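Enquirer: Here is what each chain is made of, one letter per residue.
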Amino acid sequence: MAHRITHEDVLHVANLARLALTEREVDEFTVQLGAILEHAAQVEALDTEGVPPTAHPLPLVNVLRADVLRPGVDRDEILAAAPEAEQHRFRVPRILAEDEA
Amino acid sequence: MTAREIAAQVRSGERSAREIVDEHLVSIELLEPEIHACNLILVEEARAQADAVDAARARGDELGPLAGVPIALKDNLCTHHVPTTCSSRILADWRPPYDATVVTKLREAGAVFVAKTNLDEFAMGSSTENSAFGPTHNPWDVTRVPGGSSGGSAAAVAAGYAPLALGSDTGGSIRQPAALCGVVGVKPTYGRVSRYGLVAFASSLDQIGPFASDVEDAALLLETMWGHDPCDSTSIDSTPEPIRPALLDGVEGLRVGIIDELAGPDGFQPEVLAALDRATTVLEAAGAKVDHVGVPSAAYGLSAYYLIAPAEASSNLARYDGVRYGLRVPADGVAEMNAATRDVGFGAEVKRRIMLGTYALSAGYYDAYYGQAQRVRTLIIRDFERAYEQFDVLLSPTSPTTAFPLGAKAGDPLAMYLSDVCTIPTNLAGAPAMSIPAGLDAEGLPIGIQVLAPVLGEAVMFRAAAALERGLEFTARPKLLEAR
Numbered sequence: 019m020a021h022r023i024t025h026e027d028v029l030h031v032a033n034l035a036r037l038a039l040t041e042r043e044v045d046e047f048t049v050q051l052g053a054i055l056e057h058a059a060q061v062e063a064l065d066t067e068g069v070p071p072t073a074h075p076l077p078l079v080n081v082l083r084a085d086v087l088r089p090g091v092d093r094d095e096i097l098a099a100a101p102e103a104e105q106h107r108f109r110v111p112r113i114l115a116e117d118e119a
Numbered sequence: 028m029t030a031r032e033i034a035a036q037v038r039s040g041e042r043s044a045r046e047i048v049d050e051h052l053v054s055i056e057l058l059e060p061e062i063h064a065c066n067l068i069l070v071e072e073a074r075a076q077a078d079a080v081d082a083a084r085a086r087g088d089e090l091g092p093l094a095g096v097p098i099a100l101k102d103n104l105c106t107h108h109v110p111t112t113c114s115s116r117i118l119a120d121w122r123p124p125y126d127a128t129v130v131t132k133l134r135e136a137g138a139v140f141v142a143k144t145n146l147d148e149f150a151m152g153s154s155t156e157n158s159a160f161g162p163t164h165n166p167w168d169v170t171r172v173p174g175g176s177s178g179g180s181a182a183a184v185a186a187g188y189a190p191l192a193l194g195s196d197t198g199g200s201i202r203q204p205a206a207l208c209g210v211v212g213v214k215p216t217y218g219r220v221s222r223y224g225l226v227a228f229a230s231s232l233d234q235i236g237p238f239a240s241d242v243e244d245a246a247l248l249l250e251t252m253w254g255h256d257p258c259d260s261t262s263i264d265s266t267p268e269p270i271r272p273a274l275l276d277g278v279e280g281l282r283v284g285i286i287d288e289l290a291g292p293d294g295f296q297p298e299v300l301a302a303l304d305r306a307t308t309v310l311e312a313a314g315a316k317v318d319h320v321g322v323p324s325a326a327y328g329l330s331a332y333y334l335i336a337p338a339e340a341s342s343n344l345a346r347y348d349g350v351r352y353g354l355r356v357p358a359d360g361v362a363e364m365n366a367a368t369r370d371v372g373f374g375a376e377v378k379r380r381i382m383l384g385t386y387a388l389s390a391g392y393y394d395a396y397y398g399q400a401q402r403v404r405t406l407i408i409r410d411f412e413r414a415y416e417q418f419d420v421l422l423s424p425t426s427p428t429t430a431f432p433l434g435a436k437a438g439d440p441l442a443m444y445l446s447d448v449c450t451i452p453t454n455l456a457g458a459p460a461m462s463i464p465a466g467l468d469a470e471g472l473p474i475g476i477q478v479l480a481p482v483l484g485e486a487v488m489f490r491a492a493a494a495l496e497r498g499l500e501f502t503a504r505p506k507l508l509e510a511r
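Chains as they are written, first to last, in our numbering: chain A, 19 to 119; chain Y, 28 to 511.
These are calculated hints, taken from the structure and not from any lab test.
Do not take every clue at face value.
To be verified - Calculated Cβ distances over 10 Å to all of chain Y for the following chain A residues:
| no. | residue |
| --- | --- |
| 1 | H25 |
| 2 | R36 |
| 3 | V81 |
| 4 | D85 |
| 5 | Q105 |
As the list claims (entries may be wrong) - Straight-line Cα separation of at most 25 Å, SDA-like style, residue types lysine to any residue; simulated pairs:
| no. | chain 1 | residue 1 | chain 2 | residue 2 |
| --- | --- | --- | --- | --- |
| 6 | Y | K436 | Y | P60 |
| 7 | Y | K436 | A | D45 |
| 8 | Y | K436 | A | A84 |
| 9 | Y | K132 | A | V44 |
| 10 | Y | K436 | A | V44 |
| 11 | Y | K436 | A | A53 |
| 12 | Y | K132 | A | L82 |
| 13 | Y | K132 | A | D92 |
| 14 | Y | K132 | A | L76 |
| 15 | Y | K436 | A | H57 |
| 16 | Y | K436 | A | E46 |
| 17 | Y | K132 | A | A84 |
| 18 | Y | K436 | A | T40 |
| 19 | Y | K132 | Y | G161 |
| 20 | Y | K132 | A | G90 |
| 21 | Y | K436 | A | L82 |
| 22 | Y | K436 | A | G52 |
| 23 | Y | K506 | Y | A301 |
| 24 | Y | K436 | A | E43 |
| 25 | Y | K436 | A | A59 |
What the hints assert, rightly or not - Looking from chain Y toward chain A, a few residues come up when the C-beta cut is under 7 Å (computed):
| no. | residue |
| --- | --- |
| 26 | P110 |
| 27 | F295 |
| 28 | Y333 |
| 29 | R355 |
| 30 | A366 |
| 31 | K378 |
| 32 | K436 |
Since the structure is predicted, the reported quantities are computational estimates derived from the model, not experimental observations.
Backbone N, C-alpha and C define an ideal beta-carbon position, used for all residues, glycine too.
With these hints in hand, go ahead and build the complete structure from the sequences.
Expert: This is the structure in structure tokens:
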């Protein structure tokens, strides 16, 4: 795990996380994430051979509600909160370039 | 004045809810320029709620347990049509289309909402400095932080804005600011309080809880808002054992364990450790049996937390993409729009945690980081289970130090994270814990002591906290209030 986080790692992760970071942020995060991960890597010191992972503190089962109609949140109210809406839908910029379409 | 006293006065007609809320709004207006605990002061809404309580009383209607009691709400709790910003630019103009379940329950109980309080953006931080709207100042010393992330709620109660407030606690975000502001703060058992309408940070850790000026008020607020909620699939489907009937039963014979790994000396302020000794003496004098206990893996809680919480946050915060609500920064393509929106909308700490979480979950690192952290989480749960075979409750400082100066840790994320070392293990275990004020340090800053209990152990935890409260006799108030 002693992988030193690089400038390239930060750019790769920023892309995965859909963050358009500035050059300064990339530099800062390279140093800071390295320090934080070094501390976090202390978890390596514990012997966890055969120990199951805990994703959640409670023994949960999936919860289903009865399949009956009930009022939901008003559609127009939801759409009114959107940055852009059109014909009862959320409007976004073009997803595919013309030559891809 | 406590919430209980206010509710009694309103019920008896000694004072009107309107008179009480106006009095609190005056205090808020007066102190807010120095403290900045609020993102929004709900003047009109609060007066309307108070008037409704007074009208209900005039009609002879049955009044709720918190009728006329002013409450401040952390600004990551959804309030219908009222801005809920999470102290983030990305939600600065968002008005939720529904109330959080806790908000609905408090409305029904007759509570009066006076403010939406400041927080570290999306509850990520330990000082309330990571707010897009500026930091909150500690009422005990306005050059210092109130703790975080629920620093606005803690400061609001400490400054008398309201006798009660709600916060959320993912790694200590209720207990640590409660300690730094000299108030009571409770993180209930995971799943005990519905999170429907709490803006998600790290879903396997987040829990809503009360702030109050004393233990009994905190119990009253918790009992008003807990219980099963079909809208939250992680909500515990059982009736909680009430807290208040046995609150004053004392601690005769109670087995109390001091957690060795969370009792210094490295990194702990000596006065904080002295307060832990005083707490021990108080409990022993009240008949408890106090001894030391090892929770070895607790020392690794911080490391595990800073892999697990960012991993969950990176997933939860993917929803802020400029499509359905919140900020949008226009750009040519949709991916460019997503990235531009998130770059402008999120502050540095939120970006840092999204980056950390995305890295920890990314191909090649998942098992070494996130997987290992989850296995350590299992070890922490097992260590606590073993400790609770010998002890009824555990004890530790809430925070290694008292309130630090504004800006002192702003440039060093890791130093900031270390201030949650005592509170984090509880969140990983899903168990309850609470902080109560235990005294002041040499600079007049409050010290908090943490009482921990096993899952669903709120009743015994509160009973121990009440005994501590009686013995420690913490009556100090911020000078800012005494001057008035």
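Enquirer: Which hints, by number, does the structure contradict?
Expert: Result: hints 2, 3, 8, 9, 19, 21, 26, 27 and 32 break, sorted rising.
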